[in-house]
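Use the sequences and the hints to build the structure in full.
Number of protein chains: 4
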Amino acid sequence: MHENLNYYKAEELYNIKLHGRMDPDSKLIALLSNNQGIEMNITGTELWLDIEADFSFMEPWAAIELNNVLISRFMVNKGKHDICLFRGISSGRTMRVKFYRELQAMTEDPDSRILIKGLWTDGLFMAPPYYDHKLEFIGDSITSGEGTYGAKSDEDWTSYCMSYSKTYANLTCKALNAECRVISQGGWGIYSGWDNDRRHIISKYYEKQCGLAAGEENKKYGSDKDHDFASFIPDAIIVNLGTNDASGFNQPPFIDPDTKEVYKLRKNDDGTYLEEDCESIIQATVDFIKLIRKNNPTSHIVWLYGMLGYDLSLILSDAVKRYINETGDNNIKYLMLPSINKDTVGAREHPGYESHKIAAGILTDYLKSYFLQS
Amino acid sequence: MHENLNYYKAEELYNIKLHGRMDPDSKLIALLSNNQGIEMNITGTELWLDIEADFSFMEPWAAIELNNVLISRFMVNKGKHDICLFRGISSGRTMRVKFYRELQAMTEDPDSRILIKGLWTDGLFMAPPYYDHKLEFIGDSITSGEGTYGAKSDEDWTSYCMSYSKTYANLTCKALNAECRVISQGGWGIYSGWDNDRRHIISKYYEKQCGLAAGEENKKYGSDKDHDFASFIPDAIIVNLGTNDASGFNQPPFIDPDTKEVYKLRKNDDGTYLEEDCESIIQATVDFIKLIRKNNPTSHIVWLYGMLGYDLSLILSDAVKRYINETGDNNIKYLMLPSINKDTVGAREHPGYESHKIAAGILTDYLKSYFLQS
Amino acid sequence: MHENLNYYKAEELYNIKLHGRMDPDSKLIALLSNNQGIEMNITGTELWLDIEADFSFMEPWAAIELNNVLISRFMVNKGKHDICLFRGISSGRTMRVKFYRELQAMTEDPDSRILIKGLWTDGLFMAPPYYDHKLEFIGDSITSGEGTYGAKSDEDWTSYCMSYSKTYANLTCKALNAECRVISQGGWGIYSGWDNDRRHIISKYYEKQCGLAAGEENKKYGSDKDHDFASFIPDAIIVNLGTNDASGFNQPPFIDPDTKEVYKLRKNDDGTYLEEDCESIIQATVDFIKLIRKNNPTSHIVWLYGMLGYDLSLILSDAVKRYINETGDNNIKYLMLPSINKDTVGAREHPGYESHKIAAGILTDYLKSYFLQS
Amino acid sequence: MHENLNYYKAEELYNIKLHGRMDPDSKLIALLSNNQGIEMNITGTELWLDIEADFSFMEPWAAIELNNVLISRFMVNKGKHDICLFRGISSGRTMRVKFYRELQAMTEDPDSRILIKGLWTDGLFMAPPYYDHKLEFIGDSITSGEGTYGAKSDEDWTSYCMSYSKTYANLTCKALNAECRVISQGGWGIYSGWDNDRRHIISKYYEKQCGLAAGEENKKYGSDKDHDFASFIPDAIIVNLGTNDASGFNQPPFIDPDTKEVYKLRKNDDGTYLEEDCESIIQATVDFIKLIRKNNPTSHIVWLYGMLGYDLSLILSDAVKRYINETGDNNIKYLMLPSINKDTVGAREHPGYESHKIAAGILTDYLKSYFLQS
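Protein chains in written order, with this note's numbering: chain A, 1 to 374; chain B, 1 to 374; chain C, 1 to 374; chain D, 1 to 374.
Quick caveat, the hints were computed from the structure, so don't treat them as lab data.
Positions of the beta carbon are idealized from the N, C-alpha and C atoms, including for glycine.
One or more hints might be untrue.
Below, in silico cross-link-like pairs of lysine to aspartate or glutamate (DMTMM-like), each with a Cα-Cα straight-line distance of 25 Å or less [claimed, not checked]:
id, chain 1, residue 1, chain 2, residue 2
1, A, K117, A, E217
2, A, K357, D, E46
3, A, K220, A, E39
4, A, K368, D, D343
5, B, K290, A, D270
6, A, K78, D, D50
7, D, K134, D, E46
8, D, K342, C, D365
9, C, K267, C, D311
10, C, K174, B, E276
11, B, K267, A, E326
12, A, K27, A, E11
13, A, K78, D, E46
14, B, K342, D, D50
15, A, K152, B, D365
16, D, K174, A, D156
17, C, K174, D, D50
18, B, K342, C, D365
19, A, K342, A, E326
20, C, K174, B, D270
21, A, K204, A, E108
22, A, K17, A, D50
23, C, K368, D, E354
24, D, K357, C, E354
25, D, K357, A, E217
Quick list of the computed label-pair ranges, beta carbon to beta carbon [as the list claims (entries may be wrong)]:
id, chain 1, residue 1, chain 2, residue 2, range
26, B, D132, C, D343, 20 to 26 Å
27, B, R266, A, E276, 32 to 38 Å
28, C, D343, D, S231, 35 to 41 Å
29, D, S91, A, N341, 29 to 35 Å
30, B, L13, C, G92, 44 to 50 Å
31, C, P257, B, K27, 31 to 37 Å
Calculated Cβ distances over 12 Å to all of chain C for the following chain B residues [as the list claims (entries may be wrong)]:
id, residue
32, E11
33, E39
34, E52
35, H133
36, K134
37, D197
38, S203
39, E261
40, D270
Structure follows, in structure tokens:
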């Protein structure tokens, strides 16, 4: 097999665009998080990946783009695989190829991982695709594309329902020819997870290379290293968080298994949110924005909210305003997106592809106009 | 002419739905403002209106709907006219007919007016159309439909560019089967008009019957009477203001011709808005919401913003939040709408029909879900 | 009135684009048929038409376009009227203005007519709009826009339901920047009208200037003069006929009031069409194409069919093929258009605006590609 | 692996819907052609297929639907594979699952094959999905979905560009809840292949079970057996052929390698088609329809044409009409579909997904109305 092809170890590859925060010291290319992957412009008639994958209960999914268009998307099972990215291409033609992980980093499954060990090809690696912008997306299940695949009736929390390929993040980046990095985790929030679990907040791992990819094994691939923010300076950072914090008000209390502390976002008798808890969310939001700003002094920040309801909107806009007032930093915007309706909902009562297309349209318009002015 | 038809004086009409705030004491039906009009279910083969119109420089436009669908839209010139709403209809059929003013109330042209004096028909007046909801819209040129008609290249400020027929207000009301009242004025704001003229704020006339219809003559038709808020209790009041206040920061100072006071919304050297002026807008917004609430204790209030840019969004959301904090009244929502882009812009760089359709979709979804819960 | 404006008699006008087949000898501009009208590029702040209209039972409707966009559409009543096309325009600006008849020529109402006697303006007539192509449309109620206005529930045969403004003819011509002439009559066919009345066939009047505008009075405006085909050489002639011939098979016999002859398109017992009657339609179709070709030696001919069902499609395509075989003339195409469905149907179970948009898209694509090749 | 799952050999499976013409005597389920596959309603938490695949140069692709929605699509490489159709599903839930071949039968690659040998699951096989209709599609590259995947710039003839998932055939069947069988081959025609190779005509293999799957090995799976037409009686048979016959007129002559005969569809000097060759196509079309009718006495036949240009339309409609005239059989319809434009074209200048959606809309409307009447 592959007898007329050359084998290149991952560490030997050149002219490769690596997507996502990756450990420069790793010999293998570890796809631990959504949109982590490799991309190249390559001649040759065939291209195969040499990969090894694992998972405990949430199997990773991957996708293949040829010439910037999705042509394949599939589950990656445990073990070693040869994955053919293309074959039967005319000799001499240059193909743009991208292979990337669809599934978010799995905090709950430390084994969910795709390792690229090398590749076989008879082609040459040309200069990789050039991007006009760099964007970073920070979010929850919406940004993890939960619901972008699957039937409206699907209820199970499964890998196939999640994607990068059909998210507003991908659509926006395609429209702007932007390189994209995503840090997102379904169920997580700013101050609290959907179930009042306050350990599930994205800020905790934002400064790590890939902190949402849990477990000892992933540390081998630099998951818990400090991220080198100088290595990727986003033109804009898009945060789409708050949906799970809103959920906490409607969920039962959560007892921290370690500290036995009881966490609960509380409502008043009239159904409104307890002021004190709103304050906690606002403070956590301000703090998270400061954390982002500290690490990204020049990036425009866009806070998005609304695709799954508007409940927390005034709390989030208040937080953004307070951040501006406290710091004098105006390089930030708060935008509301339309909530799902019966036509735009996807699987698991999450935003479907139609909802993501609308969100991407609004965000793209905004960023285009921002980039024009700046 | 009209020899086989009966003439009904305006004051004699029964089974008529009057749209807009109208003076119950007036013998004539005065259409002074957008969507003011009459609607009925009527049998008969013909229906003609007996009207008299006037204007100084902004001629009124009117529209006709048959069976809830727009079939005609036209300029109404000075003088007396017989306007045929339909003819050639089969005897015995019931037609739903609406005749309404397209043009906003003209603060700058006190003569802009259509008077319905009576009508000719051979039909019978059946029970008028029933509406499931009552909505009130308060706004500026966006809500006055400026740009919903005309070519993208049109630049003159003319009556034909404005409408009720193609606004998000009308589209939302059609989708919800809601009766609609509109109080809107191009160029006006919450704290300041587009040109820093602080006299041009909607709150000033909100409690009048039709205060935006200026002039002595219009007073004959009750324009400056106090509005009887008990006579029309909206399920929701939609405010779409702020666009012109934002404009003030970019415009030269305005000198009040009477007081010689100089008005100007100011920027800091770095281009941001002066905190003190933002505070003034916030305070004016809070005050206006309180005024609306005072007169409409039960109505849900929705503040919309964004169709012409997001510049003032955090100031407006802050005002809404402060209102809630100060009053404990949570029966209010702040929603952002997508700004125009090259596909959705209309005439005079204002939102076009496509933009209004998108806005109506988002507002309709929101109100549907609000009505379901309440 | 009009005191600062100059009056121009119709016969004195220059730099005017006249739409539709018109009598060069007429002192008045007579709008007897759909899309007959005038268009100009004009400076000035105001423009008024001096018109006189009449009808017996089907009142004419008219439309106004400013800068190539529809802004008004309305019934024109009997008598003399001043119609304002625009006012309040900045001095020095050039406006493109079109005023045209919406309603088809009325064979059944010889009085249905709009006469333009002159106009008032303070502007100058600039070079009129330039068109890249000339197109002629020949059709029935579909091409007369029946159903493009009005509610789906509307059933009466009224003028307001018909238009040129929302037809595939207008949409196609706008997309191609083509000058448009229309010869169409609801209910008429190639060999037979919808009710088996064989007098109602378009070919009968094709060589007349405006033969479908019946009556003695219209002759004053040249309606029955021979059309000078050299005066307007279409790049393409689009025929959309056959729908009413198909209807004849399902309708009762028609007795010619003059000859007492009985006309009926007949079915076999199994519901299929009688071969002999199909032959008659085919022969009439071939003859009509020959008539068109005789008068338009160079024009590409496109026969359209299908918007109201496909029943006669094979008969029409057969006729087109026979025409080619008999004459060797290949400068002709047969195209099927999608039939209406519940989303695209308009008033009176005729194609609605959505259906016309789809038809225009297909025709525009075809003509674009034809014009590219030729 | 699969330790808690039961293994079922293909021959033991029950409650399985087999898609496509398959050999009832085969112990393995051989997917030789597009949309051949298996479908079931199954409980259980996991489902794996035991497959073995092969190809020489055109690798097969497959797709997975869960609950009637596409969730995965991928290349199937040579050799034995465990393919997971789903995992991680809640115990007790019933999932509708379909696994099918995307790639057409490959006349040029007799090794292109997916064999299902069995499956592992912990679930129970419930009654399989019920379909309201049975449809058969006969076509060329259009029906083989060539161009439905891939970038517009893609030029190579590769497996990934072809699909069943995004074809009008699949979309129509989903809209009508119809079971679908497809017999299609890129480049083939009625009388001649695209390159004038007259051996490449679909009729030759229509009566075989899966004759387009060439080669000795495929015979093991019944490919060259006579198809039992009684086993699947289509409500309608849709033929979409003619595009390649049209191409022959523009291609160089083809020399039959066996007989050395020279094949060429010829043009006259003026660029029109030679009458004699048109006749040959017409005759071949009539003969093919007769062949279809012979085997399917009750099925409605719909001949489609136009997605890649209208050149042969009058020849095909003529053939359909002649068939009717010769046989008196009216249970057949000829429909034209809109040709691609710049927005609807896909890869390899073939119809893209947008074009297939339009075609499916027109065909679905037609069949719905046919089914209503019949």
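Comparing the hints with the structure gives:
1. A/K117 x A/E217: Measuring from Cα to Cα gives roughly 16 Å; hence the hint holds.
2. A/K357 x D/E46: violated, 32 Å
3. A/K220 x A/E39: holds, 23 Å
4. A/K368 x D/D343: holds, 23 Å
5. B/K290 x A/D270: holds, 21 Å
6. A/K78 x D/D50: Judged against 25 Å, a Cα distance of about 16 Å means the pair holds.
7. D/K134 x D/E46: violated, 30 Å
8. D/K342 x C/D365: Answer holds: D/K342 to C/D365 is near 9 Å, not above 25 Å.
9. C/K267 x C/D311: holds, 13 Å
10. C/K174 x B/E276: violated, 52 Å
11. B/K267 x A/E326: holds, 18 Å
12. A/K27 x A/E11: holds, 5 Å
13. A/K78 x D/E46: holds, 15 Å
14. B/K342 x D/D50: Distance ~53 Å between B/K342 and D/D50 Cα, so the pair is violated.
15. A/K152 x B/D365: holds, 19 Å
16. D/K174 x A/D156: holds, 24 Å
17. C/K174 x D/D50: Judged against 25 Å, a Cα distance of about 58 Å means the pair is violated.
18. B/K342 x C/D365: Cα-Cα ~24 Å, so holds.
19. A/K342 x A/E326: Given that 25 Å is the threshold and the Cα spacing comes to 40 Å, the pair is violated.
20. C/K174 x B/D270: violated, 47 Å
21. A/K204 x A/E108: Distance ~15 Å between A/K204 and A/E108 Cα, so the pair holds.
22. A/K17 x A/D50: holds, 17 Å
23. C/K368 x D/E354: Holds: C/K368 and D/E354 sit about 20 Å apart, inside 25 Å.
24. D/K357 x C/E354: With a Cα-Cα distance of about 17 Å, the restraint between D/K357 and C/E354 holds, given a limit of 25 Å.
25. D/K357 x A/E217: violated, 46 Å
26. B/D132 x C/D343: 20 to 26 Å: The hinted range 20 to 26 Å holds for B/D132 and C/D343, with Cβ atoms some 24 Å apart.
27. B/R266 x A/E276: 32 to 38 Å: Distance hint for B/R266, A/E276 holds at roughly 36 Å.
28. C/D343 x D/S231: 35 to 41 Å: At 37 Å between Cβs, range holds.
29. D/S91 x A/N341: 29 to 35 Å: holds, 32 Å
30. B/L13 x C/G92: 44 to 50 Å: This hint holds: roughly 47 Å between Cβ atoms.
31. C/P257 x B/K27: 31 to 37 Å: Taking Cβ atoms as reference, C/P257 and B/K27 lie about 53 Å apart, which means the hint is violated.
32. E11: holds, 26 Å
33. E39: holds, 14 Å
34. E52: It holds; B/E52 is separated from chain C by about 16 Å at its closest Cβ, greater than 12 Å.
35. H133: Per Cβ check, B/H133 is outside 12 Å of chain C; nearest 21 Å; holds.
36. K134: Nearest chain C Cβ is 24 Å from B/K134, so the label holds.
37. D197: Fine: 21 Å to the nearest Cβ keeps B/D197 off the interface.
38. S203: At about 29 Å from chain C, B/S203 clears the 12 Å cut-off, so the statement holds.
39. E261: About 31 Å separates B/E261 from the closest Cβ of chain C, which puts it past 12 Å; holds.
40. D270: Consistent with the label, B/D270 stays out of reach of chain C, its closest Cβ about 37 Å off (over 12 Å).
Checked against the numbered hints given earlier, the structure breaks hints 2, 7, 10, 14, 17, 19, 20, 25, 31 and satisfies all the rest.
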